[in-house]
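Undergrad: For reference, the chains in residue letters:
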Amino acid sequence: MSVATREVTAGETQTIVAARRLRDTKTVFIGVGRPSTAAILARMVHNPELILVYESGTIGAKPFHIPLSIGDGELAETADSIVSVPEMFNYWIGAGRIDVAFLGAAQIDRHANLNSTVIGEYEHPKTRLPGAGGAPEIAASCGEVIVIAPHAKRTFVEKLDFVTTVGHGDGPGARERLGFRGRGPTAVITDLGVLEPEPETCELMLTEIHPGVDVDKVREETGWELRVAEHLETTEPPNDEELEALRDLLDR
Amino acid sequence: MSVATREVTAGETQTIVAARRLRDTKTVFIGVGRPSTAAILARMVHNPELILVYESGTIGAKPFHIPLSIGDGELAETADSIVSVPEMFNYWIGAGRIDVAFLGAAQIDRHANLNSTVIGEYEHPKTRLPGAGGAPEIAASCGEVIVIAPHAKRTFVEKLDFVTTVGHGDGPGARERLGFRGRGPTAVITDLGVLEPEPETCELMLTEIHPGVDVDKVREETGWELRVAEHLETTEPPNDEELEALRDLLDR
Amino acid sequence: MAELMTLPDAIAELVSDGDSVALEGFTHLIPFAAGHEIIRQGRQDLELIRMTPDLLYDQMIGIGIARRLVFSYGGNPGVGGLHRFRDAIEHDWPRAVEIEEHSHAGMANRYAAGAADLPCAVLRGYVGTDLMARTTVAPITCPFTGERLVAVPALRPDVAIVHAQEADREGNVQLWGIPGVQKEAVLASRRSLITVERIVDELEPRPGGIVIPAWVITAVAEAPGGSRPSYSLGITDRDNDFYRFWDKMSRDREQFTEWMNENVLGLAKR
Amino acid sequence: MAELMTLPDAIAELVSDGDSVALEGFTHLIPFAAGHEIIRQGRQDLELIRMTPDLLYDQMIGIGIARRLVFSYGGNPGVGGLHRFRDAIEHDWPRAVEIEEHSHAGMANRYAAGAADLPCAVLRGYVGTDLMARTTVAPITCPFTGERLVAVPALRPDVAIVHAQEADREGNVQLWGIPGVQKEAVLASRRSLITVERIVDELEPRPGGIVIPAWVITAVAEAPGGSRPSYSLGITDRDNDFYRFWDKMSRDREQFTEWMNENVLGLAKR
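Protein chains in written order, with my numbering: chain A, 374 to 625; chain B, 374 to 625; chain C, 116 to 385; chain D, 116 to 385.
One thing to keep in mind: the hints can contain errors.
Here are the simulated lysine to any residue pairs, SDA-like style, with alpha carbons at most 25 Å apart [to be verified]:
| no. | chain 1 | residue 1 | chain 2 | residue 2 |
| --- | --- | --- | --- | --- |
| 1 | A | K435 | C | L318 |
| 2 | B | K435 | C | L318 |
| 3 | A | K499 | A | E517 |
Below, a sample of chain D positions facing chain B; criterion: calculated Cβ distance under 8 Å [as the list claims (entries may be wrong)]:
| no. | residue |
| --- | --- |
| 4 | G193 |
| 5 | R239 |
| 6 | V242 |
| 7 | F259 |
| 8 | T260 |
| 9 | G261 |
| 10 | I293 |
| 11 | R343 |
| 12 | E373 |
| 13 | W374 |
| 14 | M375 |
Label pairs and their in silico Cβ distance ranges [stated by the list, open to error]:
| no. | chain 1 | residue 1 | chain 2 | residue 2 | range |
| --- | --- | --- | --- | --- | --- |
| 15 | C | I314 | D | G340 | 50 to 60 Å |
| 16 | A | D621 | C | P123 | 17 to 27 Å |
| 17 | D | M247 | A | T500 | 51 to 61 Å |
| 18 | B | D624 | C | E319 | 25 to 35 Å |
| 19 | C | M247 | B | A602 | 35 to 45 Å |
| 20 | A | E606 | C | G349 | 42 to 52 Å |
| 21 | D | R183 | C | R183 | 20 to 30 Å |
| 22 | C | P123 | B | P523 | 40 to 50 Å |
| 23 | D | M247 | B | W597 | 24 to 34 Å |
The hints are simulated quantities; they were obtained by calculation from the structure and are not laboratory data.
Glycine is no exception: its CB is placed at the ideal position from the N, C-alpha and C atoms.
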């Protein structure tokens with residue numbers, strides 16, 4: 374199907390923007406879903422040398438299809454090396470060998486801290502979420518973290534119900550005080566735009582907005598008084614190569 | 374060459390007595406030299422199911438030849454499983470999975486503590502020995518330890534120049550106080566006889582003497598007032614099968 | 116030495132009511148057949164330990180045989196949540212389940228400490244999170260640098276159950292592909308059962324092959340297809356459609372119960 | 116990413132005077148060729164780290180380029196002692212060498228801690244021995260059980276040098292057979308050089324094969340036979356006769372010096 378014939382969706386833009394972030398990245402750590410799609414797309418279009426690392430222990434996986442789980446057979450069959458889970462977390466993640474980690478979350482606060490544990494009280498949750506998985510140590514140790522999440526008021530909240538993963542904690546100096554090696558979240562990529570921590574305060578600020586999205590809409594979908602960058606960029610629209618590659622990938 | 378035509382040497386008796394000790398053993402941890410020869414002989418004659426574990430990480434090795442080093446290629450080629458050195462010491466030795474460990478030493482005291490570090494002062498040694506290797510943790514963790522050493526006054530000493538490896542420490546209760554899991558040395562097999570710790574005192578006592586050896590000779594070659602068992606056994610002489618197997622093994 | 120048994124005999128002999136049981140397999144080689152046999156034999160009050168509960172523990176929790184759950188990620192990988200796991204925690208259905216949750220790094224190191232028979236493991240983790248106050252970890256200081264680290268307690272399950280591709284007749288087991296924490300789980304546990312796709316005369320060494328010697332395994336049972344809907348690399352494929360199906364079907368308590376009755380308990384449709 | 120270099124260039128670039136250098140290989144895959152190149156290039160005042168110094172460090176110590184030695188077993192495996200190692204410690208010939216010795220368990224865990232970039236590792240060991248007072252270990256208490264354990268400090272060498280069977284043109288390395296602590300040594304070090312028997316177009320996965328990805332390696336250099344008189348499983352055999360020859364020859368300082376001049380430094384016989 375020719376590219377022209379189909380509207381670009383917000384999700385497509387979000388995935389492509391995430392993929393572009395990996396242009397100069399050596400190694401990326403990815404969970405399943407959109408992050409995995411974005412990383413595979415980046416290998417196809419922006420950075421063929423990109424090394425994909427999955428927490429299942431597959432290092433340098435080269436999947437042709439988008440895996441459903443982080444441990445699909447194709448990841449094992451195409452990996453440069455497969456290691457045990459203890460080795461993955463001790464020798465590879467904990468040691469800080471990964472440049473960029475893609476993470477998702479059910480709740481994000483203004484300092485890019487993440488909740489993937491519960492909505493409501495821990496003892497009597499309204500919604501019990503999957504939990505931490507590898508996220509706390511991944512966010513502490515990887516070179517930088519890029520959060521990928523749908524932009525909605527229930528996701529971008531004033532206060533997390535539970536701090537599963539520390540982004541920038543309570544602001545400047547928090548990560549240093551906690552002894553974290555990585556720089557933490559450098560961007561939150563949503564279906565409306567891109568938020569980046571403002572250097573002085575580590576507070577997420579809207580720095581990029583996707584084509585056709587209204588700033589008020591972004592403010593509306595953010596649970597705190599969202600700051601907007603003085604020079605708000607508009608996302609460069611997905612080009613034909615990116616769109617064709619993404620749609621081809623999704624059709625496989 | 375027929376067995377009859379050759380005298381049984383003291384060394385042959387020592388090796389065969391050590392091999393016999395493995396008759397009902399499931400797993401044995403061995404260094405090189407006589408211990409390795411004894412364990413391979415035990416697999417040939419006394420216990421074909423015996424599992425040989427070398428600190429090089431080769432588990433279930435089935436060498437046809439006596440290896441010179443603990444890492445000879447034949448050990449790797451015949452092993453059921455090969456693991457890294459950290460895994461060997463953490464998951465296998467430290468966890469106490471090995472029943473019997475054969476150890477040697479340059480000095481042994483009455484409580485079967487061992488020195489393989491220095492003769493003389495540590496700072497200015499008369500003789501610098503190889504050092505600890507795996508011995509301290511092997512002796513602490515394996516089910517029991519069998520020491521194999523030549524019986525000589527300079528080896529069986531009143532006081533060690535350096536405690537490299539704890540046998541029975543200062544006597545009863547010492548191992549428990551140190552938190553060791555294994556029973557420690559259960560026998561010291563020499564070219565003159567067999568010494569075993571006397572239960573009440575944990576002091577090595579001569580319990581078995583090799584054929585044709587005089588007790589006074591053993592006393593003479595022991596650096597402390599050696600106690601002799603009330604009912605001193607005489608070692609059952611090597612039989613033809615044992616001798617033929619040992620000599621065949623050494624000729625390979 | 117590992118004893119070769121039928122799966123029913125192995126479960127009957129190794130797993131008792133109230134045991135702490137670790138059925139491991141990180142996405143790959145999940146021992147579904149063994150878990151279903153535990154359900155069929157009506158074991159109760161189990162402490163279920165597993166990094167990623169996955170569909171198997173969703174089934175065991177939903178059927179009501181779990182007293183306690185120790186885990187680090189309770190999701191349906193790539194699909195969403197686990198509805199029986201959620202229902203048990205959110206609404207105590209069919210019974211209340213006590214939980215202890217960790218991070219993957221913590222759980223992996225807890226198994227490694229158990230395999231080394233050490234009381235704890237040391238790592239950098241948990242700090243700054245609300246998890247720290249909700250789980251069993253403790254601060255520990257490096258005596259050389261003074262750095263504050265975190266200790267996690269060793270895991271020592273009563274029984275570990277894992278699935279592998281093959282075993283020989285002596286009970287030596289070989290698995291390949293994603294190894295997860297299976298070796299650690301087996302070595303950390305008091306008893307262990309390994310189900311295998313096939314029994315062979317001799318294990319042929321393979322790339323990525325990990326051999327677990329028979330003498331550290333309690334029992335081996337043949338269970339062809341025993342990891343479905345997970346997979347055994349080179350022998351069966353992961354049934355991704357089933358993982359998607361489970362997400363829809365298992366939302367409803369009655370549908371779930373019916374499905375379990377028909378497909379696991381082998382009871383006739385009402 | 117690993118850079119493919121000649122061995123002389125790699126040593127020139129990676130190893131400087133005064134560096135702490137770990138040339139690892141547990142009996143198998145000992146990087147003799149790289150060690151000899153370090154000697155030829157006249158590096159000085161090195162801190163040599165290695166579980167089993169073996170003949171290679173006996174040569175480096177005997178030639179006088181070691182300022183300090185960190186080790187756990189300084190013997191000629193199956194043959195006896197190391198005479199140059201002894202002479203240096205007993206008589207400061209050709210120079211005094213500071214030593215720090217550990218047990219194998221301690222050294223292995225020190226490398227593992229380094230590979231995980233943790234400041235220390237915890238184990239059961241050393242207690243009751245005189246070693247404890249002579250080396251860098253520290254008591255540490257399990258916060259859960261109160262058990263007294265021992266901590267050892269992580270090893271973080273400036274350079275790790277190991278030998279492997281093969282690498283591809285991107286610098287991905289595969290080794291098989293006894294893996295020792297090579298992977299840990301490479302991951303624990305600031306820089307790393309891996310010498311290989313051969314460079315191949317593509318690494319063919321093998322039983323027991325361990326692949327170290329190019330992106331954690333600094334340099335790869337082709338050095339056929341580079342582990343002799345140690346061995347590279349499947350390619351060269353261990354030269355046990357040489358290990359026996361070394362025991363006799365190396366007892367004498369002059370013979371040793373002459374042998375090194377002829378066979379390593381490539382100087383004409385006097």
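Undergrad: Each hint should be assessed against the structure and marked as holding or not.
TA: Structure-based check of each hint:
| no. | hint | verdict |
| --- | --- | --- |
| 1 | K435/A to L318/C | violated (29 Å) |
| 2 | K435/B to L318/C | holds (16 Å) |
| 3 | K499/A to E517/A | violated (32 Å) |
| 4 | G193 | holds (4 Å) |
| 5 | R239 | holds (6 Å) |
| 6 | V242 | holds (5 Å) |
| 7 | F259 | violated (15 Å) |
| 8 | T260 | violated (11 Å) |
| 9 | G261 | violated (11 Å) |
| 10 | I293 | holds (5 Å) |
| 11 | R343 | violated (13 Å) |
| 12 | E373 | violated (24 Å) |
| 13 | W374 | violated (21 Å) |
| 14 | M375 | violated (21 Å) |
| 15 | I314/C to G340/D: 50 to 60 Å | violated (43 Å) |
| 16 | D621/A to P123/C: 17 to 27 Å | violated (48 Å) |
| 17 | M247/D to T500/A: 51 to 61 Å | holds (53 Å) |
| 18 | D624/B to E319/C: 25 to 35 Å | holds (33 Å) |
| 19 | M247/C to A602/B: 35 to 45 Å | violated (59 Å) |
| 20 | E606/A to G349/C: 42 to 52 Å | holds (49 Å) |
| 21 | R183/D to R183/C: 20 to 30 Å | violated (52 Å) |
| 22 | P123/C to P523/B: 40 to 50 Å | violated (56 Å) |
| 23 | M247/D to W597/B: 24 to 34 Å | holds (25 Å) |
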